[in-house]
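Novice: Given next are the chains, with one letter for each unit.
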Amino acid sequence: MASFPEDKELLSIFRDPLTKEKGYTLLVRKYQEKLYWHIRRLVIDHDHANDVMQNVFIKVWKGLDNFREDSRFYTWLYRIATNESLSFLEQEKRKASVSYEDVSLALSEKLAADKDFDASKLEWKLQVAIQKLPEKQKIVFSLRYYDEMSYEEMSRVLETSEGALKASYHHAVKKIEDYILNS
Amino acid sequence: MLDRIHIINELNTLSPVVAKLPFSPVFTVPEGYFTQFPEKLMQKIKKQGDSEVVSELEEISPLLASLQRKTPFSVPDGYFSDFSSTLYPESEIQTAPVISMVRAKRMKIFYAAAAIAAIIGLSSLFFAMNDHKPTIQDQVNVVAELPKLDVSEMNLYLQSSPEFVQAEPLSLAGLEDIDFEGVINDLNDEELKQFVNENPSLHIENMN
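The listed protein sequences correspond, in order, to chains A and B.
In this text, residue positions in the first sequence follow numbering that gives the first Met the number 0: the first is 0, and each later residue adds one.
In this text, residue positions in the second sequence follow numbering that gives the first Met the number 0: the first is 0, and each later residue adds one.
Since the hints were made in silico from the structure, they are not lab data.
Be aware that one or more of the hints could be misleading.
[To be verified] For each label pair, taking beta carbons as the anchor points, the in silico distance ranges come out as:
hint, chain 1, residue 1, chain 2, residue 2, range
1, B, Ile44, A, Arg71, 21 to 27 angstroms
2, B, Tyr78, A, Lys94, 54 to 60 angstroms
3, A, Asp44, B, Gly31, 40 to 46 angstroms
4, A, Asp46, B, Asp2, 30 to 36 angstroms
5, A, Ser119, B, Glu30, 25 to 31 angstroms
6, A, Asn82, B, Asp2, 37 to 43 angstroms
7, B, Ala64, A, Glu147, 42 to 48 angstroms
8, A, Asn82, B, Phe79, 45 to 51 angstroms
Beta carbons: idealized from backbone N, C-alpha and C, even for Gly.
Next comes chain B alone, as it looks inside the complex:
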């Protein structure tokens, strides 16, 4: 910054007319403006520094924004300083058991082996159950169904079931020894009529 004399000397070389102009302020400012300006400015800066929440509230409700944002409740003396100790009293703090990671790893191996063994066992059982062979009961059922088959069906069945062909043929031995006449004589009329109806191919020669 230069002094006034330097400026006037320079002006004298450029324009003596301008150099001689009165150097007095023409504008005025409101009284006390410079005294109050720093304080007003600081207030404005603090207001601008308030959070967006406050500005938003001022827009929505100037009444709410004008209220003191102070919670009216009180807490007992020393509440916050003692708070952490009330959460976990030392007497109640229990040490958690230490679990060996090595043991857990071994157990996992055992569990895996047991699971594999169980899968193998169950699979074997499943296949064993599905490997079905005809039982005596099945054979009896088949025998019961035989009379319903015609000749061609019977041949087809015997060809597809060789074990049945090799089996001992059903024997009629002994049937000739049955005293049919005696049996028939023991039947009453109704039973006899039913027998004849059920066995039309039987020819009874010696009926009295």
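So here's chain A without its partners, still in its complex pose:
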């Protein structure tokens, strides 16, 4: 795995007009995979994930000059990626004039349409179970289970109390367990 400079150093490279592009490219290389998978788990389709990814990093390019170093760069990126993913899903709902449940169903169908999909495999059952979760629980479960994010960091990303996040995660795990056992 490639090693990247610390966020503080990356930001100083970015803020130097002579090395701005280099700093930005390093930053993208450092965080692109993490953010991509976070987005992909929410929107499922690769092309959609790619669109959202581009929007996220364009916002980062525009907003990085005003980024305050008192907040963590990593959580700032995740907040943008989460908000952009939710905005995308909201647009999909509006386009199709459907509810969140319908979007969730559509996402499950997209999942089933994947060329590697195998309903008998547990890892795919887990994905289906995640798609059946309410939106907030889906995000909390994804950030905790896949991105191994602490509740403190997650509260900064989602601007929700740690207690509420713990409860959401607890409910999400129980629903997934229920699905795995009964499907």
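Dock chain B against chain A, hints included.
Specialist: Structure of chain B alone, referenced to chain A:
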């Protein structure tokens, strides 16, 4: 960020079933996606950063927009660095004369005084010309017009022109000395007829 063991331990307390699920990625990405993404992203950002003029041109004419926006003309070496010195060669730079502001102020006062004097002079002349008094010529003209007036008009005129009343009355002195008979005798028939027609009130007694 936590480590994987921490997450699995927590899951074991919540749901051993979920904790034992295989943690393997199910989604795939196109080959080389992460290698190419930063470069493609940078291209997109640069394209977005282009001016509105370029975007507008792309909409109107993609062909024109695809052409290089580089002027094909060239300029002589050092043209721009020498340009300012060719505009104002030192030998041609002339110092503008210094005009004293105090002198200009005095001149303004003089001009103002002259203008006021001219206005006063012209006004006086205008009023003097309009203060009209009858001249001898006017009097002669009036005398010529008198025979055409009737008595009432004559009285009205004399009352309104006292200076005329005070003037010396036209004298008929000497008229009696004129030898009318001699004058008449010198006239031929035509002239005589005209005289009689013009002066019907004259009574010539001693006509031969």
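Novice: Take the hints in turn and mark each one as holding or not.
Specialist: Status of each hint after checking the structure:
Taking 21 to 27 angstroms as the suggested C-beta distance range, the pair Ile44(B) and Arg71(A) conforms, at roughly 24 angstroms. Range check, Tyr78(B) to Lys94(A): Cβ separation about 58 angstroms, and the 54 to 60 angstroms hint holds. At roughly 19 angstroms, the beta-carbon separation of Asp44(A) and Gly31(B) lies outside the given 40 to 46 angstroms, and the hint is violated. Hint check: Asp46(A) to Asp2(B), Cβ distance near 33 angstroms, so the stated range 30 to 36 angstroms holds.
A hinted range of 25 to 31 angstroms for the beta carbons of Ser119(A) and Glu30(B) is consistent with their spacing of about 27 angstroms. For the hinted restraint 37 to 43 angstroms between Asn82(A) and Asp2(B), the CB-CB distance of approximately 27 angstroms leaves it violated. Against the hinted window of 42 to 48 angstroms, the Cβ-Cβ separation of Ala64(B) and Glu147(A) comes to about 47 angstroms, which satisfies the hint. Take Asn82(A) and Phe79(B): their Cβ atoms lie about 49 angstroms apart, and the range 45 to 51 angstroms holds.
Comparing the model with each numbered hint stated earlier shows that hints 3 and 6 do not hold.
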